[in-house]
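Protein sequences appear in the order of chains A and B. Quick note on my numbering: the first sequence kicks off at 1 and runs consecutively. Quick note on my numbering: the second sequence kicks off at 1 and runs consecutively.
Do not take every clue at face value.
Now the in silico label distances, taken between C-beta atoms and shown as ranges [said to hold, decoys possible]:
no., chain 1, residue 1, chain 2, residue 2, range
1, B, Tyr211, A, Ala190, 30 to 40 Å
2, A, Gly244, B, Ser212, 48 to 58 Å
3, B, Asn265, A, Ile123, 57 to 67 Å
4, B, Ser294, A, Glu191, 51 to 61 Å
5, B, Gly238, A, Ala190, 52 to 62 Å
6, B, Tyr293, A, Ile152, 55 to 65 Å
Keep in mind that the hints were calculated from the coordinates and are not lab data. A virtual CB, placed ideally from N, CA and C, is assigned to each residue, including glycine.
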Amino acid sequence: MKTNETRNAAWKGIALRGWQALRQPLVATIFGLLVGAAVILACGHNPIEVYKEMFEKSFFKPYYLFSTLTRATPIIICAMAVGMSWRAGYINLGVEGQMVTGTLVATVVALFMPGPPILVAIIAWLAGMAAGALYALLPSVLTWKFNVSMVITTLMLNYVANYIASYFVTYPLKDTSGDGLALQTPEIAAEMRLPRLSSTSTFNAGFIVAILVVVFMVFITRKTVFGYESKMGGFNPSFARYGGTKQVRVMLITMALAGAIASMAGSAEVFGLKYRYADGMLSSTSYAWTGLQAALIADLDPVGMFFISIFLSGLQIGGSAIQRSLGIPLEIATIIQCCITLFVSVKLVIRFVKKPKPAASAKGGAQA
Amino acid sequence: MKKAFALFLALVLSMSLMTACGSKKEETPAAAPEGGETSGEALPGEGMKIALVCDKVGTQVFLTQMVDALNEAAEKYGFEPTVAECADSAAFEDNMRALVAEDYDLIIGGGWQAGDAINKLANEYPDAADYALIDSEVEAENVKCISYREQEGAYLIGMLAALTTDGESHMYGAVHVNEGPGSWKWRYGYMEGVKSIDPDAQFVFNYTASYSDPAKAKELAIQQYEQGCVFINSAAAGGDSGTFEAAKEKGFYTSGQDVDLTDPNNPYIVTSQIKDTYQTVWNLIDEYFSDNYSVENSVWGVTEGTIGAVYVTHETENPRSERLTDDEIAQVKDAAAKIASGELNLADYPSEEEYFAG
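With the hints as constraints, model all of the structure from the sequences given.
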């Protein structure tokens, strides 16, 4: 009886959190849809038809739902990397660079290391995480030793990572099969790839990795001393110092974890979807920035970030679906997506209708 | 109160979705018979769906031509055309998978950016659709890859270059992207074309190493000009505008590639090599609906009307440079006719090593 009750309570908790995370996007989506409708009308299309197509081909039909989840995988993991560092008060804009570095290293290990494929794959993931963590430590050390603004160093190191990766896929690692025009590495061995979870689409075990990362985040933030220390450092650095946390240690561990998580986003993409590293595959798709957006909309709450990442990914999938099947230029599809995203980002909407509450009950992490 | 409000809004949304289901079903059959009425009989492509997957179309002439051809061909054959524009590198595969899931008959990849995705899909779903790829080659055998004999167009450009220069200098320049086999086709054709008029010609080639670096292209073009080049062919993709700017500043002559880049405001762009994607898509679809369609790779050139040069095989509204007379144009047209008839064979060309060894 009692276990049943706790289980029910747990489910209720999850449902409530999901609802809390989705409530604001839902209201915002409606406002966004209304503004988008004006754009669609101005272009001479029927808004209802366009929207029906957009949501049907992103959330409601199984095939497209799987596409949405597939695209959401790296976004979710990036959001967690952002959340990890931001909640500790470190404005890490370098998730993209950490992801690119880690992914490139993971791909290289997977391509060149001899040994049983499963073992190589595991080592590749770990090597990628180590590389991502080291790349995230670079700006942290600069902040620690020279008090350089982390916003600038992390942002700038994105370009460094992207250009270095570009060099490697253009020259030493380039796949010369076919006509050799595309800048990409050869494919990794079939045994190392993550298994597909659906026969018709590319939905793969990377999504499970993403869920594990979310669970890990929830665990770290709620159940560990480190999670508490890093959160306090974010809320009030002076208090945290007074309370006796070793801030440098917390910063280094936080950033290293963020970098390691970021690299998993790219590894999931390479091992689950693309099977190779191609130039610009992680930057042109803006996974890190969409993840950042999701993290900020969800107030850095891991469960909220999970749902909002899926929602934002669905908007992108739906956007290309309406372009494809209704012949709407991609630019217009992007405007509609942006209208919705913009309103989702505006927290004012919900604060406006929300009565002020004691802060502790609204923030899930505070009880931990 | 607030929850009720949100619920109400959600309800309105779902209602509107439901009404949308109804309205679409009525519209689709109404649109279909239109094609049938005009022809009086069933068109060969009735009920078929053909999709073009490409980069963002925007104002890229290379792609707008493909879209135009696809839509016009759709009117002739009665199939349902779709253009899937891809915003980022992941979208190519996403879109193509969706097209396969939506039972498309022919999926055309427009440009090398689509190559990797189409290769993957063709391996994974060999029977789900027919695949074709324009301007690139991939390994999958069930993809019909259409590439071009660019050297034929470059040959025409080379002739025009020599005729524009009129012996003022024997140095000829060109700014390319990469020094690979792709660029060799162009360089070979260009050099042969120039030498057919000016046997004493010497060449300078430089490479921007980027598909979009106008600043570097401009710098290289100016260096070539300082070395005495009067004509500098630009084959630097997105960097071409840099070469053109340098031409206007320094007063040397230049030419573009892929589409008509002649410009009434810049008389120094004397011609442009044409890679006619409009004709390519038409040829491809004509072949698809004919009886002898095969997935064998094709290489098209001047003969097929897919490769050419502005003022020679393709007309333009922009005025011709004063440096080119009617006689000279006639001379190049004659060469184009020879290439088309096969009298002048550029299809088989030596490798770079062979060329310079011999």
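Going through the hints against the structure:
Roughly 32 Å separates the CB atoms of tyrosine 211 of chain B and alanine 190 of chain A, a value that falls within the hinted 30 to 40 Å. Restraint check, glycine 244 of chain A to serine 212 of chain B: a C-beta distance of roughly 54 Å satisfies the suggested window 48 to 58 Å. Range check, asparagine 265 of chain B to isoleucine 123 of chain A: Cβ separation about 59 Å, and the 57 to 67 Å hint holds. Between serine 294 of chain B and glutamate 191 of chain A the beta carbon distance is about 35 Å. The supplied range of 51 to 61 Å is therefore violated.
Distance hint check: the CB atoms of glycine 238 of chain B and alanine 190 of chain A are about 36 Å apart, inconsistent with the given range 52 to 62 Å. At roughly 57 Å, the beta-carbon separation of tyrosine 293 of chain B and isoleucine 152 of chain A lies within the given 55 to 65 Å, and the hint holds.
Against the hints set out earlier in the document, violations occur for numbers 4 and 5.
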